[in-house]
Amino acid sequence: MHEVIDCDECDGLGFRVRRCFCVQGGDQLVVDGGRYADQVYVGCRVCGGDGSVAEPCARCGRAGRRRAQLVVTVVNLDTGAAASRRLLPGRLDPPAEPDTITRARDIVTGLAGAVGVRGLSPHWGQRALGDEVYWLPRRWRAHLPAQERLALEAEALAQQEYDPWRVYVGRGTEAPPSPEPGRELARLCEQADLLYLDLVVEARRRYGEVVWTIRYEVPGGRVPLDPHARAQDLPSAIAATTFREAMRGLDDRGRDAPAYTVRPVRTAAAIPSSMDLGRLDRAVLADLADDAPGAQAVWRDGRWWHTPLRSAGSVEELHERETGQIVRYVRQMVRRAAEPPDPAWWGEPVEHRPCPDCRPGTRLRRCHCRVGAPGPDPQCSRCSGAGFAPSGLACFTCRDGGRIPAALTVTVTDGRRVSHETWRPVPGEPAPVVGYQPNGTPVHQLRPHWRLARHAAVFGVRPTDLTHLDEDQPVDQDLLDATVTVHDPAVEPARQHVERIGAGLPGARLFVLAAAPDAPPLTDLLRLAYALDLAVVVTYRDHRLDAGDPTKVQGERWDIRLTARDARIGAEFPFCASVELAVARCVEYLDMHLLAAVPREPDRPVPAPQAAPSPPVAEPTGLLRRVGRHYAGQPVVASFDRAGCRLWLAERGEVQPLARAATLDDAVSALRLSGS
1 MHEVIDCDEC
11 DGLGFRVRRC
21 FCVQGGDQLV
31 VDGGRYADQV
41 YVGCRVCGGD
51 GSVAEPCARC
61 GRAGRRRAQL
71 VVTVVNLDTG
81 AAASRRLLPG
91 RLDPPAEPDT
101 ITRARDIVTG
111 LAGAVGVRGL
121 SPHWGQRALG
131 DEVYWLPRRW
141 RAHLPAQERL
151 ALEAEALAQQ
161 EYDPWRVYVG
171 RGTEAPPSPE
181 PGRELARLCE
191 QADLLYLDLV
201 VEARRRYGEV
211 VWTIRYEVPG
221 GRVPLDPHAR
231 AQDLPSAIAA
241 TTFREAMRGL
251 DDRGRDAPAY
261 TVRPVRTAAA
271 IPSSMDLGRL
281 DRAVLADLAD
291 DAPGAQAVWR
301 DGRWWHTPLR
311 SAGSVEELHE
321 RETGQIVRYV
331 RQMVRRAAEP
341 PDPAWWGEPV
351 EHRPCPDCRP
361 GTRLRRCHCR
371 VGAPGPDPQC
381 SRCSGAGFAP
391 SGLACFTCRD
401 GGRIPAALTV
411 TVTDGRRVSH
421 ETWRPVPGEP
431 APVVGYQPNG
441 TPVHQLRPHW
451 RLARHAAVFG
461 VRPTDLTHLD
471 EDQPVDQDLL
481 DATVTVHDPA
491 VEPARQHVER
501 IGAGLPGARL
511 FVLAAAPDAP
521 PLTDLLRLAY
531 ALDLAVVVTY
541 RDHRLDAGDP
551 TKVQGERWDI
561 RLTARDARIG
571 AEFPFCASVE
581 LAVARCVEYL
591 DMHLLAAVPR
601 EPDRPVPAPQ
611 AAPSPPVAEP
621 TGLLRRVGRH
631 YAGQPVVASF
641 DRAGCRLWLA
651 ERGEVQPLAR
661 AATLDDAVSA
671 LRLSGS
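Residues in the sequence shown are numbered consecutively from 1, following the UniProt record's numbering.
Derived from the structure by calculation, the hints contain no laboratory data.
Keep in mind that this is a model prediction, so the values were computed, not measured.
Please note that a few of the clues may not be correct.
Stated by the list, open to error - Restraint-style ranges between C-beta atoms, simulated for each label pair:
no., residue 1, residue 2, range
1, Val330, Arg363, 10 to 20 Å
2, Gly113, Glu317, 51 to 61 Å
3, Arg263, Gly633, 46 to 56 Å
4, Ala239, Gly110, 22 to 32 Å
5, Gly26, Gln232, 28 to 38 Å
All C-beta atoms in this analysis are idealised placements derived from N, C-alpha and C, irrespective of residue type, glycine included.
Let the hints inform the model, and build the full structure from the sequences given.
Structure, rendered in structure tokens:
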């Protein structure tokens, strides 16, 4: 039987003995992170100076065996049909030539034809037709003895056990063509001008090759130490960079950028519909001459500015290892050889004060003994009365920015329109008390112009659709409603509000996206689950009993998960403010949900569902809201699968069954809710 093989990492024992990590740096406290010494650290906290440690085998999960099978599934969302192929030793397609990688395209094409899929949907998981499915080693030959050939095939499949179920989701219509790179870059430039940001196209030398990355930056910030560049050329970098990807990490990159208010201006020339990539590529590569570590093209004020990167010295990073050693890394810093002219939209500088709760350049943070106390505790074991103690976390007050701004610029956009506002507190501004925290601390609410929720109506969305543009996280309730918990009566609520929000923001700027989540309807997710013979677990909570209380969650909350049909149902507290956001999160992590649905025991097979076309699925949110209203304040859990629908009520951390029926409509009817 070659479908399950002994684990080669632990020889089937379920645990293994390995060399301790302390041998990498040698017998010294401070070690060089880039050097391998192959010498035991006598004072090691892990191995005690022995040099070896025993640990559970992570590769087989302590089972001692590994599963040698893969399943590829294609689902047609339009019809609900599904087709799967189980890959086992002895049932693999022979490669065209030795040492050949079998790609998903080779298998998906046949399955897609069987279920009528003509194009894959790009937003369902992270699958691509170019993904590697398995690789037969060079010594594999069709004429080898059966035992040897099957062993090679089993090992090739077991190498892919980290992702044993590959699901590709498509429709009966052709997928839209891939965007033209020149047009995509022009669109990114257009967004940079809309938001008053720099778009940076960067090429750097790394291990003898040139890698590319594209990102947004706040003008005046430092060049990142590690841009996470992977693309081998400019078109590949554009294809891998969506608008949200270019924004991701803006907080970290702009932490040292100067803060200015925004003064709206019009660019001198219109942005072309498509950028000349060849010209841009040649200009950037030309700046890489003379062994420059990198080069940049910066889109600012409607045009490109080009500059090589120069060495700017080095920075030393120290990290504590579990062995008790300190690992030292020396990172090379770079800077722009020439900075572009200051942006035309820069207004006046934003004043700031140093953060009182950290010491920039160190890991010293405000000690816990100062929280709620007039001063530090002289007997504190962490700070010995100094008031500051080492911490591996970012400063809670300034997020390691070291500055507390006196004003901030709020930018709200839907991708086409934009609003820029300067929030600056005015002394004596009224802020009535609207509630109290459980410890008696008053909660104030600022006047309407401070409430971010008012922008929702301007852009035609719901307040729950407002998200942080650079973090892809919903805007919190305090920011939507401008409520402030005032811990220090000497600090006015408006000032505390601005300082809390603005601390750590790039250039004292807050970027908000006013758009509904880019998510398929819940019915598509249900149809996918039925096709895969899985269950969709929806948790809903109605917070109407807490309406008007600024210390409590307002509105409704959702959570949606994809699980195996026999998985245990737990009392998950929902956090998504809309069903669309919950669906978007579930689809974003679809591959992880599928992995969790695969049995962990290697003896149990990977699911390989087959499904015929099925009728459309009824939309369940209206009925779930009805049940949630009846049990307001308590999470209601619904599970949908091929067998029907089940309802539970979460109480004291457990779920209690409510009803079970073929459909949600029948289950709700069985509850005989008031008003039915």
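Hint by hint, here is what the structure shows:
| no. | hint | verdict |
| --- | --- | --- |
| 1 | Val330 <-> Arg363: 10 to 20 Å | holds (18 Å) |
| 2 | Gly113 <-> Glu317: 51 to 61 Å | holds (53 Å) |
| 3 | Arg263 <-> Gly633: 46 to 56 Å | holds (48 Å) |
| 4 | Ala239 <-> Gly110: 22 to 32 Å | holds (27 Å) |
| 5 | Gly26 <-> Gln232: 28 to 38 Å | holds (36 Å) |
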